[in-house]
Amino acid sequence: MVRLQAKDLQIRYADRTIVENLSVSIPDEKITVIIGPNGCGKSTLLKAMTRIIPHQKGSVVLDGESIVKEPTKRLAQKIAVLPQTPESAGALTVGELVSYGRFPHQNRFGRLTKKDLEMIDWALEVTGTKFFKSHPVDSLSGGQRQRVWIALALAQETDMIFLDEPTTYLDMAHQLEILELLQQLNVTEKRTIVMVLHDLNHAARFADYIIGMKFGKIVKSGPSEEIITKPVLRELFQIDAEIGEDPRTGKPICITYNLVRGD
Amino acid sequence: MFNYRLQRIPYSIKLGMSLILMIVLFGMALVFGAADTSVKDVISALLSTAPNDQAIMLREIRFPREVAAALIGAALAVSGAIIQGMTRNPLADPGLLGLTAGANAALAMTLAFWPSVNYFGVMLACFAGAAVGAILVFGFSSFHPEGFTTLRIVLAGATISAFLYAIAEGIGLYFKISQQVSMWTAGGMIGTTWNQVLLIAPIVLVGIAISIMCSRQLTILSLSEEMALGLGQRVRLIKSILFVLVIILTGASVALVGNLAFFGLMVPHIVRAIVGTDYRFVLPMSAILGASFMLLADTIGRTINAPYETPVAAVVAIMGLPFFLYIVRKGGRSFS
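Residue numbers (our numbering), protein chains in the order written: chain P, 6 to 268; chain G, 23 to 358.
These aren't lab readings, by the way, just hints derived from the structure by calculation.
Check before you lean on any hint, since a few could be wrong.
Short, incomplete list of chain P residues facing chain G, as computed with Cβ under 7 Å [stated by the list, open to error]:
{"id": "1", "residue": "Ile-57"}
{"id": "2", "residue": "Thr-77"}
{"id": "3", "residue": "Ala-81"}
{"id": "4", "residue": "Ala-96"}
{"id": "5", "residue": "Phe-108"}
{"id": "6", "residue": "Pro-109"}
Derived DMTMM-like pairs: lysine to aspartate or glutamate, alpha-carbon spacing no greater than 20 Å straight-line [as the list claims (entries may be wrong)]:
{"id": "7", "chain 1": "P", "residue 1": "Lys-78", "chain 2": "G", "residue 2": "Glu-248"}
{"id": "8", "chain 1": "P", "residue 1": "Lys-219", "chain 2": "P", "residue 2": "Asp-13"}
{"id": "9", "chain 1": "P", "residue 1": "Lys-74", "chain 2": "G", "residue 2": "Glu-248"}
{"id": "10", "chain 1": "G", "residue 1": "Lys-261", "chain 2": "G", "residue 2": "Glu-247"}
{"id": "11", "chain 1": "G", "residue 1": "Lys-36", "chain 2": "P", "residue 2": "Asp-204"}
{"id": "12", "chain 1": "P", "residue 1": "Lys-35", "chain 2": "P", "residue 2": "Glu-230"}
{"id": "13", "chain 1": "P", "residue 1": "Lys-35", "chain 2": "P", "residue 2": "Asp-204"}
{"id": "14", "chain 1": "P", "residue 1": "Lys-78", "chain 2": "G", "residue 2": "Asp-58"}
{"id": "15", "chain 1": "P", "residue 1": "Lys-62", "chain 2": "P", "residue 2": "Glu-75"}
{"id": "16", "chain 1": "P", "residue 1": "Lys-12", "chain 2": "P", "residue 2": "Glu-25"}
{"id": "17", "chain 1": "P", "residue 1": "Lys-256", "chain 2": "P", "residue 2": "Glu-182"}
{"id": "18", "chain 1": "P", "residue 1": "Lys-12", "chain 2": "P", "residue 2": "Asp-33"}
Ideal placement from N, C-alpha and C gives every residue a C-beta, glycine not left out.
The whole structure should be built from the sequences, with the hints applied where relevant.
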């Protein structure tokens, strides 16, 4: 059974329709990557499925229950969301910020229990940010900061984690570091991970399942081998791509590409 | 602007030291003033009910006035901190967001159309005015499809404040009550009575207590609205509660002392330099340091040119400006 599904979704901003008639199932305990050109509705879909923004028609169902009806806190115990480049955390220290991941589990007065503290510690440990615990988040480098935000999502102790372009603004090594961390969480902790990525080769390498979107619709979805192909990339991005096989991972890899002209 | 050396000191010690500072300043405020009094006089006035002039002056004039100063200082600092966190805008201040101007305009109207009004009526008018001012500012800045941003709020706040001040002045001139209005708005805490204090105190104390209970919610909201939603916050409800708290705290302050530009902007910045940006720590500290700072400002205002009063607003500006500029120059990045 699939825990999270969207059916016939329509999402509008003011009078502009961003996503139309979209249905999708998120495979459990897998890494799902959404790709597509700028403005195709990737982030919008991500936000609608996590109820950051409302949808106008259709439904998003989690564990057989519409997410609209679910109390906000209970939803936050099941799904963690990391928006695109979260705003500055100011002078909050790493420890303070990550402790707010426990927010959905706390009562009104918000005393941190022993279990809360253990989860916070664990989240800092696996993301390799424990050393910075008492440093202000803003004093860290981009890669460290991104790991702190992921630690916040981990402290939330959810089965599903949604991330919007978690590798933006990072250099190659740090991008890989974040993606490997997420992969490790997926393998060892069985977390379902859904993220928007721009790098096709990262998508091919880390995704179990890729959703290719254009103009607010899903063009095609499936494993990397079915999506990172010449015809699908042509349709999605208007590019003529040369696809090879990554000699190390065996996954498809986009070697070079040209824009398709005068189509 | 967060200081590494300060950071190592545990929060409880910082809070305790600020409390001691507040108590010392309160004591000083009682002892120093236009009339000569000593520590002994103050203690005997507080402990006995002796009907001598000095004891009555202390009990009925100076004491309520300083209690009011502490309450107003705390209220303005806390409401400043809340509004800065809510709007993620380091420049936000009740004065910049139309609240003070709104309360001011309402005050002028009340004095013009209902001259026999009692203190309670004035206070209600100030609350209503603060609410109308704030709603105008937030309403105008959220016309834009993307909702309100830092820049739009500041621009709308400046425009609407100017408009509301113009209304207040126009009414003052037309009804020949300018002097009365400015007695209210610039008078500081002169002539504060126990009755006024007892009316304001529960409102301010409850307002601050609820604010502190909401401090975790405020921290989450100050990260970003999406983050807050993702963490399971009922954003709209929390924003409304915080908004009402700001209006109540500011309204109460304006009713008692009139305009104190700058205070609500400055104190939270000083507080953040000491305790960081987690509002669990910022709000209680803002209350205590806000109270301390106002006590100091009022004491200076009463003594620097005794027996004449120097307006507390002027003292706040003169004391605060250099300190504030120093913090700005130190290159703080508490927000951006």
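Results for each hint:
Residue-level restraint check for Ile-57 of chain P holds (minimum Cβ-Cβ distance to chain G is 5 Å; threshold 7 Å). For Thr-77 of chain P, the interface hint holds, the least distance from its beta-carbon to any beta-carbon of chain G being 5 Å, beneath 7 Å. With its C-beta approaching chain G no nearer than about 3 Å, Ala-81 of chain P sits inside the 7 Å limit, and its interface hint holds. For Ala-96 of chain P, the shortest C-beta to C-beta distance to chain G is roughly 4 Å, which falls under 7 Å, so the interface hint holds.
Hint on Phe-108 of chain P holds. Least Cβ distance to chain G is approximately 5 Å, under the 7 Å limit. Checking Pro-109 of chain P against chain G by beta carbon gives a least distance of about 4 Å; that is within 7 Å, so the hint holds. Restraint check: the Cα-Cα separation between Lys-78 of chain P and Glu-248 of chain G comes to about 14 Å, which is no more than 20 Å; the hinted pair holds. A distance of roughly 16 Å separates the Cα atoms of Lys-219 of chain P and Asp-13 of chain P; the hinted pair therefore holds under the 20 Å criterion.
Only pairs whose Cα atoms come within 20 Å are accepted, and Lys-74 of chain P paired with Glu-248 of chain G is accepted, the gap being roughly 19 Å. As the CA atoms of Lys-261 of chain G and Glu-247 of chain G are separated by approximately 10 Å, the hinted pair is consistent with the 20 Å bound. Restraint check for Lys-36 of chain G and Asp-204 of chain P: the C-alpha separation of about 48 Å exceeds 20 Å, so the hint is violated. At roughly 16 Å between alpha-carbon atoms, Lys-35 of chain P and Glu-230 of chain P fall within 20 Å of each other, so this suggested pair holds.
Under the criterion of a C-alpha separation no larger than 20 Å, the hint pairing Lys-35 of chain P with Asp-204 of chain P is consistent with the structure, at around 19 Å. For the proposed pair Lys-78 of chain P and Asp-58 of chain G, the alpha carbon gap of about 59 Å is over 20 Å, so the pair is violated. Only pairs whose Cα atoms come within 20 Å are accepted, and Lys-62 of chain P paired with Glu-75 of chain P is accepted, the gap being roughly 17 Å. Restraint check for Lys-12 of chain P and Glu-25 of chain P: the C-alpha separation of about 11 Å stays at or below 20 Å, so the hint holds.
The hinted pair formed by Lys-256 of chain P and Glu-182 of chain P meets the criterion: a straight-line CA distance of about 19 Å does not exceed 20 Å. A hinted pair counts as satisfied when its Cα atoms are at most 20 Å apart, and Lys-12 of chain P with Asp-33 of chain P qualifies at roughly 17 Å.
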